[in-house]
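Number of protein chains: 2
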Amino acid sequence: MPSSACLERTIAKAIDAHVSADTPPRLVAAIRHAVFPGGARVRPRLCMAVARACDGDDPELVAAAAAAIELLHCASLVHDDLPCFDDAALRRGHPSVHRAFGERLAILAGDALIVLAFQTIAQAGGHSPRRVAPLLAVVAAGAGLPAGMAAGQAWECEPQVALREYHRAKTGALFAAATQAGALASGVGPAPWKPLGDRLGEAYQVADDIRDACGSAQWLGKPAHRDAALGRPTIAAEIGLADAMPLFDRLMAEAQRAVPPGRCADALRELIRDETERLIPRALADELLLSAA
Amino acid sequence: MPSSACLERTIAKAIDAHVSADTPPRLVAAIRHAVFPGGARVRPRLCMAVARACDGDDPELVAAAAAAIELLHCASLVHDDLPCFDDAALRRGHPSVHRAFGERLAILAGDALIVLAFQTIAQAGGHSPRRVAPLLAVVAAGAGLPAGMAAGQAWECEPQVALREYHRAKTGALFAAATQAGALASGVGPAPWKPLGDRLGEAYQVADDIRDACGSAQWLGKPAHRDAALGRPTIAAEIGLADAMPLFDRLMAEAQRAVPPGRCADALRELIRDETERLIPRALADELLLSAA
Chain G
1336 MPSSACLERT
1346 IAKAIDAHVS
1356 ADTPPRLVAA
1366 IRHAVFPGGA
1376 RVRPRLCMAV
1386 ARACDGDDPE
1396 LVAAAAAAIE
1406 LLHCASLVHD
1416 DLPCFDDAAL
1426 RRGHPSVHRA
1436 FGERLAILAG
1446 DALIVLAFQT
1456 IAQAGGHSPR
1466 RVAPLLAVVA
1476 AGAGLPAGMA
1486 AGQAWECEPQ
1496 VALREYHRAK
1506 TGALFAAATQ
1516 AGALASGVGP
1526 APWKPLGDRL
1536 GEAYQVADDI
1546 RDACGSAQWL
1556 GKPAHRDAAL
1566 GRPTIAAEIG
1576 LADAMPLFDR
1586 LMAEAQRAVP
1596 PGRCADALRE
1606 LIRDETERLI
1616 PRALADELLL
1626 SAA
Chain X
1336 MPSSACLERT
1346 IAKAIDAHVS
1356 ADTPPRLVAA
1366 IRHAVFPGGA
1376 RVRPRLCMAV
1386 ARACDGDDPE
1396 LVAAAAAAIE
1406 LLHCASLVHD
1416 DLPCFDDAAL
1426 RRGHPSVHRA
1436 FGERLAILAG
1446 DALIVLAFQT
1456 IAQAGGHSPR
1466 RVAPLLAVVA
1476 AGAGLPAGMA
1486 AGQAWECEPQ
1496 VALREYHRAK
1506 TGALFAAATQ
1516 AGALASGVGP
1526 APWKPLGDRL
1536 GEAYQVADDI
1546 RDACGSAQWL
1556 GKPAHRDAAL
1566 GRPTIAAEIG
1576 LADAMPLFDR
1586 LMAEAQRAVP
1596 PGRCADALRE
1606 LIRDETERLI
1616 PRALADELLL
1626 SAA
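From first to last, the protein sequence lines stand for chains G and X.
Residue numbering for the first sequence follows our numbering, starting at 1336 and increasing by one per position.
Residue numbering for the second sequence follows our numbering, starting at 1336 and increasing by one per position.
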């Protein structure tokens, strides 16, 4: 598993490599504010763990793919926090980008981060030029059309939403992009790695719904109870918290089983176990199950 | 010169190729509204004209590069029109995207269009995989960091702005990307083609300032006199309309001279002549010069 400091350096380098004396300083500050300090960095860690399992021969391209996925994730958070969406004042315990820099710089920082994700992959393609286009396509599908993050968010603007498609696009797509990108950047076919990303993405969204319904702003680093306040469809609202907890456990178990066999399968399963505990600490899970009994 | 109908089909195909039954229908409608009917499509036409002059061997990649540049341009218009920027109700004679679909879908359509630009290039890279990364880097630099469109727009959020850097990033960068992309997609070194894009971009911004100061909403297809209303730095405000007209003429003449010699140089110079007349019709130019005399 790459060290957390190494991952932070990789992401910081992706920004530094595309900033110059001609870049407006407040835009640079807004971009850095959007990306640091980070959250759990689960998507890039997942991408790098898959690459390790695939025994990749191009660590530079793997690091670029991981950074690109995190930059896209950060871009989506900046835009999701805007007044016309979640109107969130806090993110990761700090003021959201539009609160700190204004709405215009928040929109532009998000736009620049999306472009930067693809620039980062392009710049690292030197050793494996034939991998660039398929890697780009997989990462882009996690973010845009036909059913990536932007599409997921756009389901909130439709009169009718199927909860599963909504979640699969809003959250699952970038997890599936992370596992597939880890394989592709390593020169390995991505298909066997998609189910792992799909299951983790689904589990992550269920956890997010549970955390929003049960958590406090202090624990989450952002406002709690926003789904209910914004009238958004959630798993917790659809099937109830009591059934959401076992669903989360089941999805995480399915993710464990979706890890393809190989040298580093154990390390990947450990990552999934750590995430399970980080997302919904056992104490909270027990409390939820007890109160529902 | 590719026919205008052919270019429209290329851009439409880029969207269709990335829409599926899983894409939210209103997002797709907002994206199509942002892209059709188009404006003059000057950037993709320029890209394709340069490719023709370079005698390119990969028309599919050229078409993808041209479409990508137009998609990025459309994305920037959608975000620029938002209430926190220009708050424009009209674009190309129709309601702006946020007026027609709401602010949330306008932000998401812009995001999805940025991603789509890179997806379009990735998808067309099959015949010339080694060209994908450099082509992507050049196109991205026109849109994002360090000094592309998003950076140009962000200069409006700085306390101090140098007009030339502001315009070079806001408008010039995507023109320079268009000429360089036309060369790169054709397997030709991009450097000799940059000055042509730089000059055209600069001339285009001067024309835009003149048109905004002199034009009517009916002629422009969008509100006039917005620069003054928004207190934005413009050439017309800085040096006056009387001096802006000869500057535009001079930049267009420099663009003519910046066309590298070759088989299709005449066709490119004709494109520049047509653009000169389209941007500032001779009658308006004469009137301006006369009233300033």
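Quick caveat, the hints were computed from the structure, so don't treat them as lab data.
It is possible that some hints are incorrect.
[Unchecked claim] Computed list of lysine-lysine pairs in DSS-like fashion (alpha-carbon distance at most 30 Å, straight line): (1) G:LYS1529 to G:LYS1348; (2) X:LYS1348 to X:LYS1529; (3) G:LYS1348 to X:LYS1529; (4) X:LYS1529 to G:LYS1529.
[As the list claims (entries may be wrong)] Looking from chain G toward chain X, a few residues come up when the C-beta cut is under 8 Å (computed): (5) ALA1424; (6) LEU1471; (7) ALA1486.
Note that beta-carbon positions come from the ideal geometry of N, C-alpha and C, so glycine has one too.
Now for the hints, and whether the structure bears them out:
1. Distance restraint check for LYS1529 of chain G and LYS1348 of chain G: the Cα-Cα separation of roughly 28 Å lies within the 30 Å cut-off, and the hinted pair is therefore satisfied.
2. With a CA separation close to 28 Å, the supplied pair LYS1348 of chain X and LYS1529 of chain X stays within the 30 Å bound.
3. Taken as a hint, the LYS1348 of chain G and LYS1529 of chain X pair is honoured in the structure, with Cα atoms around 27 Å apart against an allowance of 30 Å.
4. Of the supplied pair hints, the one linking LYS1529 of chain X and LYS1529 of chain G is violated, its CA atoms being roughly 41 Å apart against a limit of 30 Å.
5. The restraint placing ALA1424 of chain G at the interface with chain X is violated, with a minimum CB-CB distance near 17 Å, outside the 8 Å limit.
6. Taking 8 Å as the C-beta cut-off, the interface hint given for LEU1471 of chain G holds, the closest approach to chain X being about 4 Å.
7. Taking 8 Å as the C-beta cut-off, the interface hint given for ALA1486 of chain G holds, the closest approach to chain X being about 5 Å.
The structure does not agree with the numbered hints 4, 5 stated previously, though it agrees with the rest.
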